[in-house]
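**Q** With the hints as extra help, turn the sequences into a complete structure.
Chains as they are written, first to last, in the numbering used here: chain A, 317 to 397; chain B, 317 to 397; chain C, 4 to 150; chain D, 4 to 150.
Incorrect hints may have been included.
Below, in silico cross-link-like pairs of lysine to aspartate or glutamate (EDC-like), each with a Cα-Cα straight-line distance of 16 Å or less [said to hold, decoys possible]:
#, chain 1, residue 1, chain 2, residue 2
1, A, K377, A, D328
2, B, K364, D, E50
3, A, K364, C, D120
4, A, K325, C, E50
5, D, K125, B, D328
6, C, K128, A, D376
7, B, K364, B, D376
8, A, K325, C, D11
9, B, K325, D, E50
10, B, K364, D, D120
11, D, K125, D, D74
12, D, K125, D, D142
13, B, K377, B, E346
14, C, K125, A, D328
15, A, K325, A, E341
16, A, K364, C, E137
17, A, K325, C, E127
18, B, K325, D, E127
19, D, K125, D, E50
A few chain D positions that, by computed beta-carbon distances, are all more than 12 Å from chain B [as the list claims (entries may be wrong)]:
#, residue
20, K5
21, G28
22, T58
23, E68
24, R72
25, M76
26, H116
27, E127
28, R129
29, S130
30, D131
31, I146
32, Q150
Over the 12 Å line for every Cβ pair with chain C, so calculated as not near, a few chain A residues [what the hints assert, rightly or not]:
#, residue
33, D328
34, G333
35, M335
36, E341
37, T342
38, S347
39, L352
40, Q361
No lab work stands behind these hints, which were simulated from the structure alone.
Don't be surprised by glycine CBs; every beta carbon is placed ideally from N, CA and C.
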Amino acid sequence: MVRLVFLGKLADLAGAGAMDINGTETLKWESLLAMLAPDLAQTLQGDKVRVALNGEVLPDKTALVAAPGSEVAFFPPVSGG
Amino acid sequence: MVRLVFLGKLADLAGAGAMDINGTETLKWESLLAMLAPDLAQTLQGDKVRVALNGEVLPDKTALVAAPGSEVAFFPPVSGG
Amino acid sequence: MKDVRLLDMPFDPAAAIDHFAADKGDAGGVASFVGKVRPTGGVEALELSHYAPLTLPGMEALADEALVRFDLMGLLIVHRSGLLYPGDPIVLVAAASRHRRDAISAVDFTMDHLKSDAWFWKREKRSDGWHWIEPREADYADIQRWQ
Amino acid sequence: MKDVRLLDMPFDPAAAIDHFAADKGDAGGVASFVGKVRPTGGVEALELSHYAPLTLPGMEALADEALVRFDLMGLLIVHRSGLLYPGDPIVLVAAASRHRRDAISAVDFTMDHLKSDAWFWKREKRSDGWHWIEPREADYADIQRWQ
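**A** As structure tokens, then:
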């Protein structure tokens, strides 16, 4: 299982703040996107959306490799405190 | 009567925070200094000592004209709040 | 020295500043800033979401950076998450130092970075529903003062 | 809007900030600075003398200047005179504004001017007696930032 977390307005688009992808596979960026609704997948590919794996922001989100048990978070630009 | 007020370390030198000069004369700068102890008079003439007449700081203290009933204040540089 | 809190409940800024200052007796001064939800502009509520693995560590790192940049005897950051209403305090930053310039500058620096750089996502409820808040240009300009 | 006080008795800065902020509901933020008598350096007591015809009017004029320079919803200056002991608050400046930059800058500006420009004469009591305090060069440098 890989847990996906959506922050800010991405949560509205995803329809939930988090979702689980069941299975024992390691997910790469393209295979992960293929499992999501097309409009959500398209937004996540946008320049402004950043990705963290297990709490570490990825310099290049397309290099994502999410092993089972990991958490992948997607976020739009922060609006600050 | 003219009241003299000494602020900061000038009060130590004058021996009091205030003193009254009795009489009905109008005091000018030189005549006022002549009434004070020589070391105090000398200090008051220094560049760093400013003078206020009735709460107004004088641009040129040597132009002082203190009518009876007025208050003349002498102060060293402020040390701030 | 460093006290960083992310709270999901209302807090009392005056009590927090008082408590912070109480054991900073050696400091000559304490500067602080309290930011609140403005009751104007038709905002009925504000929701601040955070992402636990990033938000608090990010605030801790910001506090460490301020402690390196300025000569401080203590730094307090308190930040709300969750649902807030007009008049509620959102953020408090307080800094104690020997000389006032360090305390005031540290508060200024920390606020600028919290407002543009912290891991929060904000939405406002108005009469026509909820709206996500995008970063403000002015916030980016503020942060560049420190670079 | 403007609240300027010269007190010859101890005061509670947290209560004063709280009271100041209470009716500034429209402000997005309140910045403040509290300066205290440092308990270090061997100072046993501090005496601040003022000259009534100049000191309070000078503080009022400074507050007016800050209100012109910055977009504020309120400015509070509280300053002690008389005899103070280590840990006692000497000065409190608080500013309320819609945007934090104005509040923080107004506190900075007002403190710089109070510290070098205000009509106070200060002496410290140390183990060997009382010493008058001369203006500090750093204070002059601080005030020139605003010119």
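**Q** Taking the hints in turn, state whether each one holds.
**A** Taking the hints in turn, this is what the structure says about them:
Of the pairs offered as hints, the one joining K377(A) and D328(A) is violated, with about 21 Å between alpha carbons and a cut-off of 16 Å exceeded. Among the hinted pairs, K364(B) with E50(D) is inconsistent with the structure: their alpha-carbon atoms are about 21 Å apart, more than 16 Å. Distance hint between K364(A) and D120(C) is fulfilled; the C-alpha atoms sit about 14 Å from each other, no more than 16 Å. For the given pair, K325(A) sits about 12 Å from E50(C) by alpha-carbon distance, which is consistent with the 16 Å threshold.
Note on K125(D) and D328(B): the hinted pairing holds, with a Cα-Cα distance of about 13 Å set against a maximum of 16 Å. Only pairs whose Cα atoms come within 16 Å are accepted, and K128(C) paired with D376(A) is rejected, the gap being roughly 34 Å. Taken as a hint, the K364(B) and D376(B) pair is honoured in the structure, with Cα atoms around 12 Å apart against an allowance of 16 Å. Restraint check for K325(A) and D11(C): the C-alpha separation of about 20 Å exceeds 16 Å, so the hint is violated.
Restraint check for K325(B) and E50(D): satisfied, since their Cα atoms lie roughly 12 Å apart, inside the 16 Å limit. Only pairs whose Cα atoms come within 16 Å are accepted, and K364(B) paired with D120(D) is accepted, the gap being roughly 14 Å. Pair hint K125(D) plus D74(D) does not hold up; C-alpha atoms about 32 Å apart against a cutoff of 16 Å. The hinted pair formed by K125(D) and D142(D) meets the criterion: a straight-line CA distance of about 14 Å does not exceed 16 Å.
With a C-alpha separation of about 10 Å, the suggested pairing of K377(B) with E346(B) holds against the 16 Å cut-off. Annotation: proposed proximity of K125(C) to D328(A) holds, straight-line Cα distance about 13 Å (limit 16 Å). Proximity of K325(A) to E341(A) is assessed by CA-CA distance (about 28 Å); at most 16 Å being required, the pair is judged violated. With a CA separation close to 12 Å, the supplied pair K364(A) and E137(C) stays within the 16 Å bound.
Restraint check for K325(A) and E127(C): the C-alpha separation of about 12 Å stays at or below 16 Å, so the hint holds. Restraint check for K325(B) and E127(D): satisfied, since their Cα atoms lie roughly 12 Å apart, inside the 16 Å limit. Between the alpha carbons of K125(D) and E50(D) the distance comes to roughly 6 Å, so the proposed pair stays at or under 16 Å and holds. For K5(D), the shortest C-beta to C-beta distance to chain B comes to about 17 Å, beyond the 12 Å cut-off, and the non-interface label holds.
Residue-level check passed: G28(D) sits 30 Å from the nearest beta carbon of chain B, beyond 12 Å. Annotated as non-interface, T58(D) brings its C-beta within 12 Å of a C-beta of chain B; the closest such distance is 9 Å. Non-interface call for E68(D) relative to chain B: holds, since the shortest CB-CB distance, roughly 15 Å, exceeds 12 Å. Against the 12 Å criterion, R72(D) stays outside the reach of chain B, whose nearest CB is about 19 Å from its own CB.
Residue-level check passed: M76(D) sits 24 Å from the nearest beta carbon of chain B, beyond 12 Å. Look at H116(D): its CB is around 9 Å from the nearest CB on chain B, not clear of 12 Å, so calling it non-interface is violated. A cut-off of 12 Å between C-beta atoms contradicts the statement that E127(D) is not in contact with chain B; the least separation is 10 Å. Residue placement check: R129(D) keeps its beta carbon more than 12 Å from all beta carbons of chain B (closest about 15 Å).
The beta carbon of S130(D) sits about 19 Å from the closest Cβ of chain B, which is more than 12 Å, so the claim that it is off the interface holds. For D131(D), the requirement that its beta carbon stay farther than 12 Å from each beta carbon of chain B is met, with the minimum near 15 Å. A beta-carbon of chain B is positioned within 12 Å of the beta-carbon of I146(D); the least distance is around 10 Å. Chain B leaves Q150(D) outside its interface by the beta-carbon criterion, the shortest separation being 17 Å against a cut-off of 12 Å.
Its beta-carbon lying about 8 Å from the closest one in chain C, D328(A) breaks the requirement of being farther than 12 Å from that chain. Not every beta carbon of chain C lies more than 12 Å from that of G333(A), the smallest distance being close to 8 Å; the non-interface claim is violated. With a least CB separation of 15 Å from chain C, M335(A) remains clear of the 12 Å interface cut-off, as annotated. With a least beta-carbon separation of about 23 Å from chain C, E341(A) lies farther than 12 Å from that chain, consistent with its non-interface assignment.
For T342(A), the requirement that its beta carbon stay farther than 12 Å from each beta carbon of chain C is met, with the minimum near 20 Å. Residue-level check passed: S347(A) sits 23 Å from the nearest beta carbon of chain C, beyond 12 Å. Distance check for L352(A) against chain C: the nearest CB is about 19 Å away, which clears 12 Å, and the non-interface claim stands. Look at Q361(A): its CB is around 19 Å from the nearest CB on chain C, clear of 12 Å, so calling it non-interface holds up.
When the structure is compared with the earlier hints, violations turn up for hints 1, 2, 6, 8, 11, 15, 22, 26, 27, 31, 33 and 34 and for no others.
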